Structures are given as structure tokens and as C-alpha cells.
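Trainee: Okay, here's what each chain looks like letter by letter:
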Amino acid sequence: MTAPLDAPGKTPEVPPEAVLAGAGVKAIQGRSLGQIAWMRLKRDKVALVGAGVVVLLILTAIFAPLIVDVFGHPPNEFHQEMIDTSTMTPQGGTGISGDFLFGVEPVNGRDLFSRVVYGARISLLIAVLATVLSVVIGTVMGVMAGYFGGWVDTLISRTMDVFLAFPLLVFAMALVGVLGQFEQSLGVTGDTLRIGLLIFVIGFFNWPYIGRIIRGQTLSLREREFVDAARSLGARGPYILFREILPNLIAPILIYATLLIPTNVLFEAALSFLGVGIQAPTATWGGMLSQAVKFYNVPHFMFFPGMAIFITVLAFNLFGDGLRDALDPKASR
Amino acid sequence: MNKKSAVAFAAAGAALSLGLSACGGGGGSETKPADGSSGAPAAAEAFNAGLEAVFNPSDKKGGVLKMAISEDWDSVDPGDTYYALSWNLIRIYGRSLVTYTPAPGAEGRKLSPDLAESLGESSDDGKTWTYKLRAGLKFEDGTPITSKDVKYAVLRSMDKETLVNGPTYFNDWLDLPKDFKSVYKTPDVNTDSAIETPDDQTIVFHLKKAYGGFDNFAALPGTIPVPKDKDTGVKYREHVVASGPYKFDKVEPGKQYTLVRNEHWDPATDPIRKALPDSYEISLGVNADDLDNRIISGDLHIDLAGSGVQPAALGRVLGDPTLKARADNPTGARTWYTSIISDVAPLDNVDCRRAIIFAADRVGLQNAYGGEFAGGDIATGLMPPSIGGWKKLDLYPTGTGDVEKAKEALTACGKPDGFETTMAYRADRPKEKATAESLQQALAKAGIKLTLKGYPTGDYFALYAGKPDFVKKNGIGLATNGWGADWNDGFGFMSQIVDSRTIRESGGNYNLSIKDKEIDAKIDQIFQENDVAKRDALWGEIDQRVMEQAYVLPAVWSKGVLVRPQGATNVFVTGAFDMYDYLNLGVQ
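Chains as they are written, first to last, in the working numbering: chain A, 1 to 333; chain B, 1 to 588.
These aren't lab readings, by the way, just hints derived from the structure by calculation. Only a predicted model underlies this, so the values are computations on that prediction, with no experimental measurement involved. Watch out, some of these pointers could steer you wrong.
To be verified - As a list, the in silico BS3-like pairs of lysine-lysine whose alpha-carbon atoms are at most 27 angstroms apart:
no., chain 1, residue 1, chain 2, residue 2
1, B, Lys522, B, Lys391
2, B, Lys209, B, Lys230
3, A, Lys294, B, Lys255
4, B, Lys209, B, Lys515
5, A, Lys294, B, Lys230
6, B, Lys127, B, Lys208
Said to hold, decoys possible - Example chain B residues on the side facing chain A (calculated, C-beta under 7 angstroms, incomplete):
no., residue
7, Trp73
8, Ser279
9, Leu314
10, Gly371
11, Glu372
12, Asp428
13, Gly507
14, Gly508
What the hints assert, rightly or not - Stretch-level coverage of chain B by chain A, calculated; a stretch enters the list once three of its residues show a Cβ under 8 angstroms from a Cβ in chain A:
no., stretch
15, 443-454
16, 575-581
The beta-carbon is built from N, C-alpha and C at its ideal position, and this holds for glycine as well.
Model the full structure from these sequences, guided by the hints.
Mentor: What follows is the structure, given as C-alpha cells:
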């Protein structure tokens, strides 16, 4: 039922003067850029699903011991009674049951579910921290190059060129291999050392990508009117950098950070696949994949870690794309 | 097109004859057993049919024998190679003084004269060995083979700076003059004190000390003659001059080799070779899983590596009765084991070392290496059963780990609560990684905490596990490891891995953990001993001492699942290399 347009016998609740003055029932509020972006993001269902999966993955990683306690077995525990000793594959093909949700690994019968869940910890930890490292270095370098220009710009830009020209994968393999042998002198050992090394290698060599984008943005921001205005009012370098330019860089930084995480998940998986990642017996997705290649006749072994990587990368990418659309709608896709 | 249908036809023919022989009930196929491989009975198609008998014997000539390998091996140069597959294959193009008899099973470990008329004659109490060459031997270019070519080949094979691969037995045993460095650096030094060639047919070796098993040296590829004027040092591998029935036609290193008949090889000079196929095609760098599938489908005859199928094909072969009937499961003269390194505390105490063996899950280790078919039998000692002097040891349980006994041993060692140590393994070897993971799990139950560390295979012995100061500095208490016999006697298997005097501080050691005066003394005793049975018994005692002192934790005596080729004849596993004998294979 619709209300009649002009109900007779009723006086308007708001006097026309008030409307003119702008004091309505619902006052019209100015929205910040953040609020607008949030509204756009809320309308993007695909991005929301991505965000939901990302949150779920992070929760999985944080609560891995708890999840495994309830639904699985310790990730390094052997269940050799589940293995056919002639072919070394799980009895009955996969070993999937209510007890072993994803089945068991060939050879030693470790619970695949637990290992995939624990693998999320390594993957996300390395990917996120490596991204943070890239973003911090990239932002500092990019802003410096863009804002100061001149020889600073030349120096930093050429450095970035050098880094971009590195055969990253090969170099990372070599570096992890070499540095891994100096445990005594580095003062850390085992997984801590390996994780630290991977974060360093992945993060340190990926900063030029984000650095270039930040440099370009800074270059254009530097010449904008509001910066000129601030400068003509007597603002000095630090003020302009931190109060005028940096807030305007938040959007690109966020977007590229979100899009860099899935790249780093893949990179970590690739390094683990090639055997320079985390040492046995710690579970990683890439490491599981590389083992699974030998056992292509037991496809579930490859399927679950592969799906884990796939879903993680897809979720971060969808969320990142949505975030870009929301924060920077003018950007061409 | 033609080629394809011909292959299909051959395969159909093979299937038909297999069906027939199966109906005949193991009576063998119609073709007579060949003379070279003598009285061995022909085998019907069944699991392990090629272990003790010749499968599908035939004397039919012609055809192309197709071989492939997933990687590459060190070299086709007879003086520069140290792989069993290569020593097996090399005999189709090269003839050493003596060689292993092409016969199935243990018979294949016996030596037959090849270039020589007979096995070596020793004099001077086993310090001098004389061989007489057959008449009418020729290289592929028609020039006659003389004893000088053999001498030159042996001397060049000793230059391990130029030809880096291969054993150093001649270097260690021949009585060479001090000023001799190598045939390339000091070509004019008189080496008659080591090898004499009084005439073109006679070659005499002089040793520093007596060795009764010198014929095993004479069977090394190093005695395959090399004409001095054709030798190009390390490049000789690009054109090896054939002395056997086949010569290289196409050589594309890392990709493929083809061999064709050598018309200057005279069958009258060669009683052991049949030389059946018209040519050999050898492809390198074929994907290992693809290779297995092609052998199963009959598209390829032989996986040159001879170490067995990959895990994926294993499930297929053992799971399917018709495929399993085409498989052979030989036990090799190779042991996979973990060295328990007594340099590193608390493993300097024998009880702590024993605790590790007690606590280890021996079934888990077997599984790690691939299970009972692809891995091997659980090893109770270091020496594999095919070595002379082997006796079954029963010092430790072989179940899934005895925590009680391990704890007792730990208490005796003064570490009732266990201890921590580091275990090294070759990172790119999944089986050794699985071994390390299994040990970590099993030892934790007894309170022994292992930290696992993977090192690259390439430098594993040179820089890591085989380098004493690296091992000590990094506190490596355990290291996975494996060893295969150069030939099947105690000397051929044990000499490089139990003698503490072979350990060099500079690294590159294969003996990681056995430093025992008593064992060293026994080895010296063996070299004094001329009686084979007594030598064998002493090697057996050394094996026992190794286990009593718990210097190694043996995992398995290696086995592999080989798939018999379709459409190939004279297929059998030779005891010399524990893979298919490549000498007399033919094409149906």
C-alpha cells in the first residue's frame, strides 16, 4: 500500500523554512572518504566473500592447535597402520574418514587435514610479514624518491631497477640455501631461522614494485594545489610529508599490500616446493605439493594443499580487487 | 607410420607368445635357451621370473633396443664412470680384461674372461697378476687391440683430476714410480714397475701389497682399452672408441646416444656376447614417471637406471596382477643406513648409540625407503646378504621400536631423561627426509629429541656430513647415508666405509662414523689372508663389531621393483649389478 501523495487534512511536519535552513529530520551529513569507500565495499558482494574467507583463514591459522585438537591428530604423528606396506599408499586409496577428514599422507600416514591447517600458519605468517616488510621499505623509498626528486630520486630509482632485474626466484633459492648454513652466527635455529629468512628474502626483494607506485603517486601529489597551499602557508617538509602526502597514499598502499599477499603466498609455496623453504617435518603447503608430485596416483594428497593455496590466493585477490574499486573508483581496471 | 604399426605388431606378438607359455604351465617358450647364458632354465611370466632364470630366451638378431633414463650419468668414458648402470651398459661397446658372466642371479657375480683368454694368473704371492689377450681383437677402426692399449687405459683412468669419476683402486694398489703424476702430465715416465707389457698380447700388473681378488679390479671399466692417439682427455667421452660389438653413432650429451654395430668386432673372439639388436637408442632426461608408463605400455624396453619404478607406478604395478607378473624384485648389494656419529657427545658412549637403535621404528624406516618391495628388507647389519661372509645378526629387535630397552640403554649411558642431537639428511631425497621424520617421531618416545637438517645432495659428503669438522661444529649426531658394493665381496662393499684410515679431515668421506681400532686391525689381517673363506669370515666379524658398537643404524637392504620389458628377449637380473643384464638383451 502506498500512501497518497498529498494526504488531505494533514499539515506538513516540517515547516518549509526549516527545510530551507537544512535542519531536516535526518540531517544531511558530510561523509568522509573512508565512509564512502566502506559503503562501496559493502555493496561489492564478491569482495565481501573474499574478505570473509580471508578472516576465516586468519582465524584458522591462529587457532590451528585448537582446530586440530577437535577435528584431527597432531600434524607430525605417524599412522602407519593406515598404509598399505607394499605400495606405500593409504589403504583404500585416500584414508578419508570421519577421523581423517582429508585422508592421510602416503608413506607415513600423517593426518592431511591437520597438516593443511598447520600449513596455513606458515603460509600466512610469511606472506603477511613479508608484505609488511615490502610495504614499509617500498613506501619509505617511494616517498623519498618522489618528494625529494633530484639525485635522491635517481639513486633510489636506479636501485629499484637493479632489484627488479634480479632473477628473484633463483636468487632467493641461493640466498636461503647459503644463509641457512650460518645458524650459529645468526643466533637462531630451526623453523624460526627459516621463517625469518623467507620473510626477509621475499619481503626485501619485492619492495621495488610497491616503491615505484608510491613514487609515482608522490610525484603527482607533490604538485597538487593543497600541497602548494600548505607550502605557501609556511609548512615545512615533515609536515607536508606526514600530514598532506602520506594520508593520500593510504589507499594505494592498502590496495597493493592486499594484492601482494597472495603473490607472496605463491612465492613461499614455490620456495617450499623447490625444497628451500621450511625444514621437515613442519607442514607447509608448497612442501606438501612437492611431495605429492611423486604420488600422482593418490590425487587427494595434491588436491588439499593445492586447494588451500588456490582458495587463499583467490580470496585475497578478490578482496584486494574490491578494495581497489572502493578506494579508487576512477582507477582503470 | 610404418614404425608405429611395426611396434604394435611386435607387442601383439609378445602378448600372444606370453599367453601360450602361460598355458604351457611354466615349460618355457619354444626357443632354446642360449648357449652363452648356459643351463639357466627359461621362465614363465610371473613375479620375480627374471631373478633366477632367463626370461624369453632367444638368439634372434635385429631390431632396435630402446633404453631411457630420467637424468644422465657421469660419463660414457670407461675411465671416468662410477655408476652400476654405466658399468653394466659399457660392456656393449667396451671390453675389459674380464667381466661378469651374463647369467641370472648369483651366477652373474662370477667373472668370465673377456679381452683376456683366462682369468688372471697370480705369482709373487698375489702381488703380480698376468693376463694374456685373445688373438684377433680390433678397435672399431680396424686397428688391432694390444696390451699397450689396456695399459694406457688403466693409467689414464687413474688421473682423477682430469677424469674425476670412478674408483681409485688402481691408484691405491699399483706399484707406481714416485715421479709418475698422470699420463697427461708426465707421459714419459716409465711405469713398468706398475704395469708391464712384455709383448702385444701380455699385460702384467704389479701391486704394492698382495690382493687375492685382483680379478675384480681387472673387471673395472678402467681396463677397457683406449687407443692413445685417439685419447682427448675429458673430451674422450664424446667419441669413445669401441672395442665391443657396438659403436657410438650419434652422441648428444644430455639428450641421446645411438649405438650401431661395430663391424670390426669378431664374434669368434667373444664367447659371452650375443650382440642381438641391430642398434641401441638411449634417451636421456626423460621424465621418470613418463618413463615408467612407457615401459609398462611396451613403448620402451629398459630404464637404464635400474633402481626400480617411481612411487606412482609402484602402486599400479603391485596392484594389478597382470602387471605384477611382469615385475622383478631383486635385492641389491646396497644398504641404506643412518650413521651414528661417535664424535658427538653423548654418542661417544656406546649405550647412547644403542639407545638410538633400540628406539628406532625399524618398520617405519623400511616404509620410509619405500616398503618391503620398493624399499627392501629390514637390515640387521651393515653388510647386505649377497656379500660373501654375510651372516644374519640378531642384536636388536626389528619391530616398531622398543622404548623400554632404549630407556635401559639411556640409563646405562647416564642420560635417563634422554638427550638432544641433530640429524642430517639429503634434502632433495624424499626417502631420506621420510627417514629423518620417522626417526624423529620414534626417538621422541624414548626422550631423544632430534633436530632435522637437510643438506644438498651434491656436497653432502664433500662439505657437510662427510666433513669431520663440520659435523663436530654443528653437533650432527646422526646422518642418513647409503652404500652399494663396487663388486660383491667384503672388500668391494666394506673397504670404503668401515676403515677409519680412509677418513680425511678435508671432507669427502663415505665412512662417517666407524672409527674402531679393532676393525682396522681386522682389515689389515684380511689383506694378509690368501684364503677367500677366511677373508669372508673376517668381513662378517667386522659387520658384527659394527653392530655391537652401534656405529650405524641399518634401515634396509635395498630392493627395487623392475618391470620386464615387452618385446625384449634374454631378460634377467644379473647378480653383479642387481638390475637387468644389458649385455645380451635382444628384440623380439
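Trainee: Each hint needs a verdict: does it hold in this structure or not?
Mentor: Evaluation of the provided hints:
no., hint, verdict
1, Lys522(B) / Lys391(B), "17 angstroms, holds"
2, Lys209(B) / Lys230(B), "33 angstroms, violated"
3, Lys294(A) / Lys255(B), "23 angstroms, holds"
4, Lys209(B) / Lys515(B), "23 angstroms, holds"
5, Lys294(A) / Lys230(B), "44 angstroms, violated"
6, Lys127(B) / Lys208(B), "7 angstroms, holds"
7, Trp73, "21 angstroms, violated"
8, Ser279, "33 angstroms, violated"
9, Leu314, "5 angstroms, holds"
10, Gly371, "5 angstroms, holds"
11, Glu372, "6 angstroms, holds"
12, Asp428, "6 angstroms, holds"
13, Gly507, "14 angstroms, violated"
14, Gly508, "18 angstroms, violated"
15, 443-454, "holds (count 4)"
16, 575-581, "violated (count 0)"
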